[in-house]
Amino acid sequence: MASRPAEAAAEPAQIPSQKVALTVNGRRHALDIDPRVTLLDALRENLALTGTKKGCDQGQCGACTVIVNGQRINSCLTLAVMHAGDEITTIEGLAEDGDLHPMQAAFVRHDGLQCGYCTPGQICSAVALLAEHKAGWPSHVTADVATVPALTDTEIAERMSGNICRCAAYANIVAAIRDVAEGGRS
Amino acid sequence: MKPFSYERASGVAAACASAAEPTAKFIAGGTNLIDLMKLQIETPAHLVDIGALPLADVEETQEGGLRIGALVTNSALAADMRVRRRYPLLSQAILAGASTQLRNKATTGGNLLQRTRCPYFYDTTKPCNKRVPGSGCAALAGLNRMNAVLGVSDNCIAAHPSDMAVAMTALDARVETVAPDGAARTIPLDALYRAPGNTPHIETVLAPGELIRSVVLPPPPPGRQRYRKVRDRASYAFALVSVGAIVQRDGTGRVALGGVAHRPWRLEAAEAEMPRGAKAVTEKLLAGARPTHENAFKLPLVERTLAAALAEARG
Numbered sequence: 001m002a003s004r005p006a007e008a009a010a011e012p013a014q015i016p017s018q019k020v021a022l023t024v025n026g027r028r029h030a031l032d033i034d035p036r037v038t039l040l041d042a043l044r045e046n047l048a049l050t051g052t053k054k055g056c057d058q059g060q061c062g063a064c065t066v067i068v069n070g071q072r073i074n075s076c077l078t079l080a081v082m083h084a085g086d087e088i089t090t091i092e093g094l095a096e097d098g099d100l101h102p103m104q105a106a107f108v109r110h111d112g113l114q115c116g117y118c119t120p121g122q123i124c125s126a127v128a129l130l131a132e133h134k135a136g137w138p139s140h141v142t143a144d145v146a147t148v149p150a151l152t153d154t155e156i157a158e159r160m161s162g163n164i165c166r167c168a169a170y171a172n173i174v175a176a177i178r179d180v181a182e183g184g185r186s
Numbered sequence: 001m002k003p004f005s006y007e008r009a010s011g012v013a014a015a016c017a018s019a020a021e022p023t024a025k026f027i028a029g030g031t032n033l034i035d036l037m038k039l040q041i042e043t044p045a046h047l048v049d050i051g052a053l054p055l056a057d058v059e060e061t062q063e064g065g066l067r068i069g070a071l072v073t074n075s076a077l078a079a080d081m082r083v084r085r086r087y088p089l090l091s092q093a094i095l096a097g098a099s100t101q102l103r104n105k106a107t108t109g110g111n112l113l114q115r116t117r118c119p120y121f122y123d124t125t126k127p128c129n130k131r132v133p134g135s136g137c138a139a140l141a142g143l144n145r146m147n148a149v150l151g152v153s154d155n156c157i158a159a160h161p162s163d164m165a166v167a168m169t170a171l172d173a174r175v176e177t178v179a180p181d182g183a184a185r186t187i188p189l190d191a192l193y194r195a196p197g198n199t200p201h202i203e204t205v206l207a208p209g210e211l212i213r214s215v216v217l218p219p220p221p222p223g224r225q226r227y228r229k230v231r232d233r234a235s236y237a238f239a240l241v242s243v244g245a246i247v248q249r250d251g252t253g254r255v256a257l258g259g260v261a262h263r264p265w266r267l268e269a270a271e272a273e274m275p276r277g278a279k280a281v282t283e284k285l286l287a288g289a290r291p292t293h294e295n296a297f298k299l300p301l302v303e304r305t306l307a308a309a310l311a312e313a314r315g
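Protein chains in written order, with this note's numbering: chain A, 1 to 186; chain B, 1 to 315.
Be aware that one or more of the hints could be misleading.
Cut-off 20 Å, straight-line C-alpha distance, at most; resulting in silico cross-link-like pairs (EDC-like, lysine to aspartate or glutamate) [said to hold, decoys possible]:
#  : chain 1 : residue 1 : chain 2 : residue 2
1  : A       : K134      : B       : D80
2  : A       : K19       : B       : E312
3  : B       : K38       : A       : D34
4  : A       : K19       : B       : E7
5  : B       : K2        : A       : D57
6  : B       : K126      : B       : E294
7  : B       : K38       : A       : D57
8  : B       : K279      : B       : E312
9  : B       : K38       : A       : D153
10 : B       : K2        : A       : D34
11 : B       : K2        : A       : D32
12 : A       : K19       : A       : D34
Some but not every residue of chain B turned toward chain A, in silico, with C-beta under 8 Å [claimed, not checked]:
#  : residue
13 : M1
14 : F4
15 : S5
16 : T31
17 : D49
18 : Q62
19 : A79
20 : R85
21 : S91
22 : Q92
23 : L102
24 : K105
25 : A195
26 : S235
27 : Y236
Label pairs and their in silico Cβ distance ranges [to be verified]:
#  : chain 1 : residue 1 : chain 2 : residue 2 : range
28 : A       : H29       : B       : T125      : 50 to 60 Å
29 : B       : Q62       : A       : D99       : 48 to 58 Å
30 : B       : R185      : A       : A171      : 48 to 58 Å
31 : A       : R166      : B       : G134      : 36 to 46 Å
32 : A       : R166      : B       : D181      : 25 to 35 Å
33 : B       : K38       : A       : D86       : 38 to 48 Å
Hints listed in this document are in silico derivations from the structure and should not be mistaken for laboratory results. Because the structure is a prediction, the values reported are computed rather than measured. Beta carbons are placed, not taken as given, at the ideal position from N, Cα and C, and that holds for glycine.
Taking the hints into account, I'd like the entire structure generated from these sequences.
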C-alpha cells in the first residue's frame, strides 16, 4: 500500500475477464466479468437487479446500499470480483413470499419517501441499522461509548447519515425506523 | 477505470511478493482506492486483494494492550468492547468519521493509508504535486479552507483526513509491517508519515510491497480520554480541526490534532504545557504554523476545540 505517483499504467492489450460466483438474495450467479465492474454495476447490469440505485457513484449518497454478510455497504465502492462467497442482500431480497419486509411496510405507512430514488438504499440501511443496534454498536452521538445506547431519534439520524434524501423525507424515515425498532405498528 | 489484473491473495508472503511490482497495489476495503481509480488518480496495473488474509482479529498483547489486525474493519474496532472500555478515544474517533456503510468496509490498515481529500488532488484538470509530481500546487492560491497549516511545504498543503489515526497517535500506537523479503518491522505511528517537502507524492516510509499487518496499542495510559471533532456538518464530514486528548487528574496528559497537517500532529513540548491549559498547549502546538488566506480560522479553532476537549475529559 505504499504510495506512488499516479503514473499512467501500461494498458494490457486485452483485459482478462474474471470468473466470480455471486450469491444474491439466496441465488447463486456465475459471472465472467471485467474486474473493473463494481458490485453496483454487476447487480444492475449483469443481474438486472435494478432496485439498487446509482446516485453519486462515490460513496457519499447511500442510494447503492446493499447488505453483505449482514452488514450494509456502498456497492459502488467495491468490485464485484471481491465478493466471491459473500451473501449479498438487495432490496429485491427483503420481501418474503410476497409480503413486504416490516421496514418496507413502515416506509409506506409513514410516507418515508417522495420520489423514491433513495428508498431502496434507505431501507437496506435501516434494516442493517437495527441489527447493528441489537448487536450493541455505539455511534458518534452515544454519550458513553462503553454503554449500549437506546435507539433515540438522535441515534437513528446519526446512524442514517450515510443515506441522503434529496426530497428531505428524513422526519418520516426516522419515524418508520423507530416504528419497526419498537416492534409495533403506529 | 484503467484496466488492471486482479488477484485474491492466499497468504501474506504471496501478497507482498505480488505487490512489490511498482504498478501493483494492495486493496482491502477499497472505499478510497476504488473512488480514486474511477477518477484515474490511482491507476494500478495489478490489484492484490488482501481481503481473505487472516488479519481481521483484535487480540490482547502480553504487555496489556491490543494488537489490531490490519483487516479489522473500522466498525468492528469501534464496536469492540475492549476498545470501548479501555480506549474510548479510539472508538469515538472512528465513529466521528465517514458513514456506517463506509466504516463497515474500511479497514485499519487502509484507514491509515487513505489519501488526502484536498480538492486539487481530486481535480485532474488542475496541477497537484501529489498526483503529478512537479506539476505545481493549485491549493496554495486556491480553495484551501480544509488544508493543512502545519508541516506544509511550498509544494503541498494537503491534510491527512483520518480521525482514527489521530486517536492512535495519542495512544502511542505502533504499526507492524512485513516486506516482500519477509522482513518484519515496527514503526511508531508518528513516524509512518513523511512530511511533504519536495516529494509530497511519497506519503509514508513504507516500501513497495510492504504490508501493514497490524497496529499495536500499548496498555491504556492513565487519565480520561476524549475525541472532539469540528466539521461543517453534524455528521459524515471531514474534520476542520479535531483533538484527541488524554488527561490525568493532575492536568498532565497527551494531545494529538487532526485536520491540520499531513499526519496527526503531536508535540512533546506542547504536552509539557498541559497543566497550564489549552492556551499554553496551543501556543507550542501551533509554533511555525503557516495558514493560508482561507484557513487561518483553524488556529483559534484549535485552541477552542482543545479547551472544550480538556474540559470534557476532566468531566
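So, going through the hints one by one against the coordinates:
1. K134(A) with D80(B): Given that 20 Å is the threshold and the Cα spacing comes to 14 Å, the pair holds.
2. K19(A) with E312(B): 53 Å, violated
3. K38(B) with D34(A): 14 Å, holds
4. K19(A) with E7(B): Distance ~12 Å between K19(A) and E7(B) Cα, so the pair holds.
5. K2(B) with D57(A): 17 Å, holds
6. K126(B) with E294(B): Holds - the C-alpha atoms of E294(B) and K126(B) are around 19 Å apart, at most 20 Å.
7. K38(B) with D57(A): OK: K38(B) and D57(A) at ~9 Å, within 20 Å.
8. K279(B) with E312(B): Holds. K279(B) to E312(B) sits at ~16 Å (cutoff 20 Å).
9. K38(B) with D153(A): 36 Å, violated
10. K2(B) with D34(A): 11 Å, holds
11. K2(B) with D32(A): 18 Å, holds
12. K19(A) with D34(A): Roughly 9 Å between the alpha carbons, so the hint for K19(A) and D34(A) holds.
13. M1: Holds: closest Cβ of chain A sits about 4 Å from M1(B), inside 8 Å.
14. F4: 6 Å, holds
15. S5: 6 Å, holds
16. T31: OK, holds: T31(B) within 8 Å of chain A, min 5 Å.
17. D49: 6 Å, holds
18. Q62: Nearest chain A Cβ about 24 Å off; hint violated.
19. A79: 5 Å, holds
20. R85: 5 Å, holds
21. S91: Result: holds, 4 Å to nearest chain A Cβ.
22. Q92: Holds - the Cβ of Q92(B) comes within 8 Å of chain A, reaching about 6 Å at its closest.
23. L102: Because about 6 Å separates L102(B) from the closest Cβ in chain A, which is inside the 8 Å limit, the hint holds.
24. K105: K105(B) check passes; min Cβ-Cβ to chain A is 5 Å, inside 8 Å.
25. A195: Where the cut-off is 8 Å and the nearest Cβ of chain A is about 14 Å from A195(B), the hint is violated.
26. S235: 4 Å, holds
27. Y236: 4 Å, holds
28. H29(A) with T125(B): 50 to 60 Å: 39 Å, violated
29. Q62(B) with D99(A): 48 to 58 Å: For Q62(B) and D99(A) the Cβ distance comes to about 53 Å; the hint holds.
30. R185(B) with A171(A): 48 to 58 Å: 53 Å, holds
31. R166(A) with G134(B): 36 to 46 Å: Given range 36 to 46 Å: holds, Cβ gap about 41 Å.
32. R166(A) with D181(B): 25 to 35 Å: 52 Å, violated
33. K38(B) with D86(A): 38 to 48 Å: Given about 21 Å between the Cβ atoms, the range is violated.
Of the numbered hints listed earlier, those contradicted by the structure are 2, 9, 18, 25, 28, 32, 33.
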